[in-house]
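Protein chains: 2
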Amino acid sequence: MKKIIGIDLGGTNVRVAKITENGEVLQEIKSPSYGMEGPEKVTSNIIELVKQIDDYQSCIGIGIGVPGPVDTVNRVMKLSSNLKGFVDYPLAQKLEEATGLPTFMDNDANVAGLAEARVGAGKGYPIVYYVTISTGIGGALVVDGKVISGRRGYAGEIGNLIIDPYREPFNNLNAGASESEASGRALTRKGQAVFGEDKINHAGDVFALYDQKDPEAIKLVDQMTTDLAVLFSHISLITDPHMFVIGGGMTKSKEYWWDTMIEKFQQRVHGGMRDVIFTEAQLSEPGIVGAAMLPISHGL
Amino acid sequence: MKKIIGIDLGGTNVRVAKITENGEVLQEIKSPSYGMEGPEKVTSNIIELVKQIDDYQSCIGIGIGVPGPVDTVNRVMKLSSNLKGFVDYPLAQKLEEATGLPTFMDNDANVAGLAEARVGAGKGYPIVYYVTISTGIGGALVVDGKVISGRRGYAGEIGNLIIDPYREPFNNLNAGASESEASGRALTRKGQAVFGEDKINHAGDVFALYDQKDPEAIKLVDQMTTDLAVLFSHISLITDPHMFVIGGGMTKSKEYWWDTMIEKFQQRVHGGMRDVIFTEAQLSEPGIVGAAMLPISHGL
Numbered sequence: 000m001k002k003i004i005g006i007d008l009g010g011t012n013v014r015v016a017k018i019t020e021n022g023e024v025l026q027e028i029k030s031p032s033y034g035m036e037g038p039e040k041v042t043s044n045i046i047e048l049v050k051q052i053d054d055y056q057s058c059i060g061i062g063i064g065v066p067g068p069v070d071t072v073n074r075v076m077k078l079s080s081n082l083k084g085f086v087d088y089p090l091a092q093k094l095e096e097a098t099g100l101p102t103f104m105d106n107d108a109n110v111a112g113l114a115e116a117r118v119g120a121g122k123g124y125p126i127v128y129y130v131t132i133s134t135g136i137g138g139a140l141v142v143d144g145k146v147i148s149g150r151r152g153y154a155g156e157i158g159n160l161i162i163d164p165y166r167e168p169f170n171n172l173n174a175g176a177s178e179s180e181a182s183g184r185a186l187t188r189k190g191q192a193v194f195g196e197d198k199i200n201h202a203g204d205v206f207a208l209y210d211q212k213d214p215e216a217i218k219l220v221d222q223m224t225t226d227l228a229v230l231f232s233h234i235s236l237i238t239d240p241h242m243f244v245i246g247g248g249m250t251k252s253k254e255y256w257w258d259t260m261i262e263k264f265q266q267r268v269h270g271g272m273r274d275v276i277f278t279e280a281q282l283s284e285p286g287i288v289g290a291a292m293l294p295i296s297h298g299l
Numbered sequence: 000m001k002k003i004i005g006i007d008l009g010g011t012n013v014r015v016a017k018i019t020e021n022g023e024v025l026q027e028i029k030s031p032s033y034g035m036e037g038p039e040k041v042t043s044n045i046i047e048l049v050k051q052i053d054d055y056q057s058c059i060g061i062g063i064g065v066p067g068p069v070d071t072v073n074r075v076m077k078l079s080s081n082l083k084g085f086v087d088y089p090l091a092q093k094l095e096e097a098t099g100l101p102t103f104m105d106n107d108a109n110v111a112g113l114a115e116a117r118v119g120a121g122k123g124y125p126i127v128y129y130v131t132i133s134t135g136i137g138g139a140l141v142v143d144g145k146v147i148s149g150r151r152g153y154a155g156e157i158g159n160l161i162i163d164p165y166r167e168p169f170n171n172l173n174a175g176a177s178e179s180e181a182s183g184r185a186l187t188r189k190g191q192a193v194f195g196e197d198k199i200n201h202a203g204d205v206f207a208l209y210d211q212k213d214p215e216a217i218k219l220v221d222q223m224t225t226d227l228a229v230l231f232s233h234i235s236l237i238t239d240p241h242m243f244v245i246g247g248g249m250t251k252s253k254e255y256w257w258d259t260m261i262e263k264f265q266q267r268v269h270g271g272m273r274d275v276i277f278t279e280a281q282l283s284e285p286g287i288v289g290a291a292m293l294p295i296s297h298g299l
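Heads up: the protein sequence lines correspond to chains A and B, in order.
Sequential numbering of the first sequence, starting at 0, is according to numbering that gives the first Met the number 0.
Sequential numbering of the second sequence, starting at 0, is according to numbering that gives the first Met the number 0.
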């Protein structure tokens, strides 16, 4: 059984684990990532953590998941808000030099999708499209167990897909971008605009008002299901996956939007596409497991 | 040098050719397809044509391009308006039985994209997205020389992608579908609505009025470039290709829309995506050449 080092690097914490090719976590170490102290500090810390993994040299390689777009060919980040100084920084190369293990990098949505496709909800399906609906919205196309990352890692930047060009733009995204209209943060923002900031702290407060049959809350959730349906129709008409795997915090409230979203999706695609499977993500640690799948998906 | 039989099957005509793996056409036969006379007649005619190809048994396989979505795994058409009775008809299997050659099938946009990616404008690029803008709009995602056809061949049905949900629906497509808004037929329809059916026979008549600085024609072309920009942003944010290859009849009028469309596209994607290459399709016979590429892309 192959074993791999998976690394989930965030702005606050970093987790390093030894994982089997089946996705079983054998050993895991968590540490602050020192994301604001510069790449040298972050890198030397990660190298130490990897060397704390028992018999790390027996692993076939290292995979790293990072936030934001990655140039997977040159193995560098292309944008980084939570990790200071990391754009174009050769983290993967430095890990490779320090450990002797071939090292691969991709963004967190892509590695989560890879994990779900290879050893999670999408296992056995040739084309899996993973969508995370949380504070933001991200996605990953996995074909035959391999992420299609794109020319510069921007494939799956579905949070910026235009759902309705006549809405207001937010956060440097397109006017009517899916993340600005159908994410958890979007529902919170819209709820606050209607009910006031004191009443709405998070998307769950809007769903609570929906439960009380508040007509404005019903309208907001109805708009969200339409917007998500358009998002999924975009993805489906371009990739026609065997399965959509949906993860992220908003799945906790799925009883409010899941079924209606699928009905509206079915109205926006061709007949033969309507029975595509929508399923919930099932891995508890997709980030670190997916990172570990990177060397395997690259042929190791 | 491998040789392959490529077949381009349409409702009116069928072309059968012997083609090298580099895309060179060695021999070609054209015939009526008898598309309305039922699948037995169509099939027996194609078998005869294949047997007319010199030394056809020395070819490694057969590839067929057909109009409309294809189940590439079961090698059958899923929709067919120009070929009567072809839904789920085992054409590929029958060709295989009659010739002894392994036979593969895909839809015409996918095979054209495959041809451009392997031996045309996209040669050498890992991810090529092919878009045909003609009477309709179609597309194909080609990764490492292989078409991503989707679960049932609907990947690349980009003519149905929603560009603006507030427009009128046409032809069973979504309201605001790209094909209804930015195809040659769409521009003709919109031109007729403004200028009258007697003045506008095809999209070129709208461009002619644009040349005369007609403000309504300028408005129509401006809307078309915006709609195409949104279409390309959708594709780019999902697949982040190295290159867009654009074919189809509307490229003949590209001086009216190409550059403006790209500028508007760049406003709708992330910074690192703006320099994706847009290039014109370059093959004169992408349909039959791409059909011939199918067996190779499947590993033969």
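Calculated from the structure, these hints are not laboratory results.
Hints should not be assumed to be uniformly reliable.
[Unchecked claim] Chain B stretches covered by chain A per the calculated footprint, using a threshold of three residues with CB under 8 Å from any CB of chain A:
no., region
1, 1-15
2, 85-97
3, 147-160
4, 163-173
5, 270-277
By construction, the Cβ of each residue, glycine as well, lies at the ideal position given by its N, Cα and C atoms.
Tested hints:
no.: 1; hint: 1-15; result: violated (count 0)
no.: 2; hint: 85-97; result: violated (count 0)
no.: 3; hint: 147-160; result: holds (count 13)
no.: 4; hint: 163-173; result: holds (count 4)
no.: 5; hint: 270-277; result: holds (count 3)
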